[in-house]
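The residues making up each chain are set out below.
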Amino acid sequence: MIFNSLTFVVFFAVVLGAYWAMRSWDARKNLLLAASYLFYGAWNPPFVLLLVLSTAIDYVAGARMAAATRPAARKAWLGFSLLSNLGLLGYFKYGNFLLENFQALLALGGITYVVPKLSIVLPVGISFYTFQTLSYSLDIYRGQLQPTRSFRDFALYVTFFPQLVAGPIVRAIDFLPQMVRARTAQPDRLAWGLFLMTLGLFQKVVLADTLLSGAADKVFGFGGLVAGLDAWMGVLAFSGQIFFDFAGYSTCAIGAALCFGFSMGDNFRAPYAAVGFSDFWRRWHISLSTFLRDYLYIPLGGSRAGLARALLNLLIVMFLGGLWHGAAWTFVAWGVVHGLCLVIERILQAVWGDAAWTERPAVRFGLGLVTFAVVSLAWVFFRVQDFGAAMRMFAALTGLAGNPGTAVLPMREIAQVAVVIAGLLAIHWATRQATIEQTVARLPGWALTGVWSVMLFSLILTQGNGNAFIYFQF
Amino acid sequence: MHSSTSNSEFVRPIPARPWRGILAATVALTVAATTAWELRARAQGYAPRLNDTADLWAEKRSEVQPDSLVLLGTSRMLFDVDLDVLERAFGRRPVQLALVGSTPFPILADLAQDENFRGTVVLDLVPAMFMAPDGFLMESSLKALNRYRQWTPAQRWSHELAVQLEQRLAFLNQEDLTLAKLLENLELPERASFHPPPKLPPYFYSLDRDRRARMTEQAATIGHPVQQRVVNGWLPLFTPPPPPAHIPPEEFRAMMGRAIEARFVETARHIAAIRARGGRVVVVRLPVQGPLLQRENELAPFEPTWGRLIGESELAAVNFADHPELSSFILPEWSHLSAPDSVEFTQRLVPHLQEALHRETQLVAQRKGTVTTGAP
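Going line by line, the protein sequences match chains U and W. According to our numbering, the first sequence is numbered sequentially starting from 392. According to our numbering, the second sequence is numbered sequentially starting from 887.
Note that these hints are calculated values from the structure, not bench results. Note that the Cβ used here is the ideal one computed from N, Cα and C, for glycine as well. Check the hints yourself; a few may be wrong.
Mimicking EDC-like on lysine to aspartate or glutamate, the simulated pairs with C-alpha atoms at most 20 angstroms apart in a straight line are [as the list claims (entries may be wrong)]:
no., chain 1, residue 1, chain 2, residue 2
1, U, 609, W, 1025
2, U, 420, W, 895
3, U, 609, W, 1182
4, W, 1067, W, 1025
5, W, 1085, W, 1182
6, W, 1029, U, 565
7, U, 609, W, 945
8, W, 1029, W, 949
9, W, 1085, W, 1020
10, W, 1085, U, 565
11, W, 946, W, 1000
12, W, 1029, W, 945
13, W, 1067, U, 608
14, W, 946, W, 970
15, U, 609, U, 777
16, U, 420, U, 565
17, W, 1085, W, 1061
18, W, 1085, W, 1096
19, W, 1067, W, 924
20, W, 1029, W, 1061
21, U, 609, W, 1076
22, W, 946, W, 1094
23, W, 1029, W, 1000
24, U, 609, W, 1070
Computed footprint of chain U on chain W; a stretch qualifies when at least three of its residues, placed anywhere within it, have a C-beta under 8 angstroms from a C-beta of chain U [what the hints assert, rightly or not]:
no., segment
25, 911-925
26, 1118-1128
Please build the complete structure, drawing on both the sequences and the hints.
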C-alpha cells in the first residue's frame, strides 16, 4: 500500500479512528501491529512471512545476547544476526548482481559460463527494515540497549507501517521507549501530523511526480544525445524529483506516526542548502548517514587513526552506501563520487579550515551552489541505467559531444523545472538553520490555512495515479 | 545505558499555532474549491464516467476465461463494437481488451503465452499501429499488461474506490482535467529545434465497467468544438516523428525494417500458439474515412501489411471496405462511429464475424487433422 493511494486514505482513517477509540494501550498496539502487517501484505502477502522471520531472528538474537555471560557467546549471537539479516538482504537484493559479476569475472579469465538468472522478487523495503533490526542487535551487543521482553513491541518497532518500507530508519533506542506508556490523544498533535502528511504527499504527488518527473524521464529515457539545455534541465529535474519523492515519504511517515502519538526524527534538513559534502550528509537521508556513521565508519576507526585512514574509511562507507541503494555499479559509482568529494573536502579543510575568508556569507553561498551543482551531477549515476548513458549525459552537459544533440523538452516543461528548482533552493536557503516546526511557528494562521488548502486542492487536482516512491526499490 | 524500558523518549515539538481552527478552515476551503471545480467541469460539458486506466484493463484481463471471446485492438474496437450485440449473437459476453492509442501486439503475445487460454480472439488490425515497434503505442499496451501481471491487492482496492468516485464526480477525468493535463495546455514559444510529439485526441467518450466506449454527442456533432479538436488531432498523431538524430538514417531504416520483419514472424508464431491449443483468431478492419484513411495507407500500405499478415497465417478476416453495408456509415471524426451507429454497425458485422469464425474453426480443425462443421 502506498501513501498516495485511495486505499491508504481509507486504511489510515479506519486505523486512526479505531486506535483512538480503544482505551487499552495493549489493544492499540495490537491494532497497529495487525494494521502494519496488512499494510505490508497489501503488496505481496507472502513477504509478510519474511518480515516476521527477520523480526524473530533479531528478537531471539537480542535476548540471547543479553543473557549470554561469555563474550564469545555474545559475539556468536551477533554473528547470527548479521549473517541472517545480511544474508536475506544479499539473496533478495544482490543475488543476480553477484551472479552477473561472477560471470563477468570468469569471462575476464577466458572462461565462458552463463549463470542461470534467478527469478527473485525484491521484497519492498527490505533494505530499511533489515537495517532497523540490525541496529537493535548491534546496540544490544554494544551494551547501549536492553532487549525488550515483548515480542509484540519489538515486532511493532520493526513493522510500524508509517516508516516500514522507505524509512526513516528508526533506531530501537528511539522507538521502543515510546511503547512503554500509552500515547495520549492531543488534537494539536493530530492536526500537525495531518499537516505533515499533506506536505509530504504534496511533495511527492505534485512536485515530484507532476512537475518534475516528466522532464527527468524524457531526458534520461532518451536513447541518444540530448541538447545541452535539456541535459541540464533533466539533471536539475531529477535532483528535485528525488528530493521531493524521498523527503515527501519521510515527511508523510513522520506525520502519520505523529497522528498515532509517536515521534520520529527528521530525515532531511534543507539538504540543497548544504555547504560542503559533510554538511550535505548531515542534511540528506539523515537516518541512513547516521546509521553508516555509527555502525560502519566509527567501528572502522573513524578519524581516530589519522587522516589517511579516515579518508579510506570515508571511501569504504560511501562505496557501501552506494551499493545499499541498488545492485548496480552505477549506484556504487554514485557512492564513490560522494566519497571522493568528502575526501577532497576533508583535505581542503586541513589546508584552509581555519581561514577567515571561508566564513564570509558570499563565499559560503558560492560553496553551497557548488555543492548543489556537484550533488546534482552525481545524481546522473544514480538515475542512468548504464555507464554509456552516463557518459552521453556528461557529454551533453559539457558540450563536448561535438554535436548539438536533440531538444526533447518543451519550453513549458523547462520553465516548470526552472521555477520549481529555484523555489526549492530559495526555501532551503531560507530555512537552512531552522527546523520545519520553527518555520511553521513563524507563519500566521491565515497563511498556514492558505498553504494547507492549496496543497490539498492540488493533490485532488492531480487525481493521483499512484506512482510508487523511488526509494521503495531500495 | 539506553533501555527499552527507560522513561526517556524523543518527542517531536508541535508548532504553537491554533491548529484546530486552521484545520477546520482548511477543510472548509478545500471542500469549497473542490465543489466549485466540479461545478465548472459539469458546466463545460464533462459528466461522471470511468477513466480507462491500466487498473480497469487489468480487471478485464483477469476476467478472461480459457474459452472467452476476447476483443483486441485500438480505440476503434472500443468505440465501434457493441458488447450487448455480440453477447446476444455469440451467447457470451466478450471481454474488451482493446486499448486507446496502442498496438495490440503485446496483448496478443500475452494471450499466446497464457497456456490456459484456448478461446477466441477478434483482432482489430490497424496496420500502421499494429506494426509500431516502440513508442507510445507500445507503451500503453505494456503499461496495462504490467499492471495486470503485478497487480497488488492494494492496487485492486484503490481501483474499486476510484471506480466509485469516478461514477459520481465529473472532474475526475484523467484525459483532460488532471493538474498535469491542465499544465500541458500552457503553451510557450518553442525552440526551432524542438519537435513536439503528437498528442492523443482529448475527452470524447464515456466508458462503462465493461470498457464499452461510447462517443459523446458533442464529438459526434459535425462542427462542434469537441469534434473539431478530435478531427484536428488525427493527422499529427499519424505523422511519424523524424528519425532520431543519433542514429544514421540508413541504420535507422535497417533497424525499422528488421523490427517490422520480426513483427510479422512473431505475430504468425503467436497466432499459431493460440490455434495449437484449439483457440481461434479472426481479424477485422474497422471503418476509417477521409484524410485519415489516406494517411494510414501512406504510413502502412495495405497489401504489404494487412495482406501479408492475413496471408501468412491464413487468417479469416473481415475488411469493412469489402462490404457496402459496413462502409456506409459517416464517421464524425474520420476514425470512430457514433454511439448509435456503433450498435447498428455491430449488428451488421455479426454475420461476417460468424462466417469468419466458422472458416477459422474449419481451418484449425484441418490443421489438427480432423474435419468439423462446428458452429462458431
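Verification of the hints:
Distance restraint check for residue 609/U and residue 1025/W: the Cα-Cα separation of roughly 14 angstroms lies within the 20 angstroms cut-off, and the hinted pair is therefore satisfied. For the hint linking residue 420/U to residue 895/W, the alpha-carbon distance of about 17 angstroms falls within 20 angstroms, and the restraint holds. This hinted pair does not check out: residue 609/U and residue 1182/W have alpha carbons roughly 27 angstroms apart, beyond 20 angstroms. Under the criterion of a C-alpha separation no larger than 20 angstroms, the hint pairing residue 1067/W with residue 1025/W is consistent with the structure, at around 19 angstroms.
Distance check on the hinted pair: residue 1085/W and residue 1182/W sit about 17 angstroms apart at the alpha-carbon level, within 20 angstroms; holds. Between the alpha carbons of residue 1029/W and residue 565/U the distance comes to roughly 42 angstroms, so the proposed pair goes past 20 angstroms and is violated. Pair hint residue 609/U plus residue 945/W does not hold up; C-alpha atoms about 30 angstroms apart against a cutoff of 20 angstroms. This hinted pair checks out: residue 1029/W and residue 949/W have alpha carbons roughly 18 angstroms apart, not beyond 20 angstroms.
Distance check on the hinted pair: residue 1085/W and residue 1020/W sit about 16 angstroms apart at the alpha-carbon level, within 20 angstroms; holds. Distance restraint check for residue 1085/W and residue 565/U: the Cα-Cα separation of roughly 52 angstroms exceeds the 20 angstroms cut-off, and the hinted pair is therefore not satisfied. The straight-line distance between the Cα atoms of residue 946/W and residue 1000/W is roughly 15 angstroms, inside the 20 angstroms bound, and the hint therefore holds. Among the hinted pairs, residue 1029/W with residue 945/W is consistent with the structure: their alpha-carbon atoms are about 14 angstroms apart, no more than 20 angstroms.
With a CA separation close to 17 angstroms, the supplied pair residue 1067/W and residue 608/U stays within the 20 angstroms bound. Under the criterion of a C-alpha separation no larger than 20 angstroms, the hint pairing residue 946/W with residue 970/W is consistent with the structure, at around 16 angstroms. For the hint pairing residue 609/U with residue 777/U, the CA-to-CA distance comes to about 16 angstroms; that is within 20 angstroms, so the pair holds. About 17 angstroms separates the Cα atoms of residue 420/U and residue 565/U, which keeps this hinted pair within 20 angstroms; it holds.
At roughly 11 angstroms between alpha-carbon atoms, residue 1085/W and residue 1061/W fall within 20 angstroms of each other, so this suggested pair holds. Distance check on the hinted pair: residue 1085/W and residue 1096/W sit about 26 angstroms apart at the alpha-carbon level, beyond 20 angstroms; violated. Taken as a hint, the residue 1067/W and residue 924/W pair is honoured in the structure, with Cα atoms around 16 angstroms apart against an allowance of 20 angstroms. As the CA atoms of residue 1029/W and residue 1061/W are separated by approximately 16 angstroms, the hinted pair is consistent with the 20 angstroms bound.
With a CA separation close to 16 angstroms, the supplied pair residue 609/U and residue 1076/W stays within the 20 angstroms bound. Proximity of residue 946/W to residue 1094/W is assessed by CA-CA distance (about 12 angstroms); at most 20 angstroms being required, the pair is judged to hold. Straight-line distance between C-alpha atoms of residue 1029/W and residue 1000/W comes to about 18 angstroms, which keeps the hinted pair within the 20 angstroms bound. Annotation: proposed proximity of residue 609/U to residue 1070/W holds, straight-line Cα distance about 15 angstroms (limit 20 angstroms).
For the segment 911-925 of chain W, the proposed coverage by chain U is satisfied: 7 residues have a C-beta within less than 8 angstroms of a C-beta in that chain, meeting the threshold of three. Here's how the segment 1118-1128 of chain W fares: 0 of its residues keep a CB closer than 8 angstroms to some CB of chain U, so the rule of at least three is not met and the hint is violated.
Checked against the numbered hints given earlier, this structure breaks hints 3, 6, 7, 10, 18 and 26; the rest are met.
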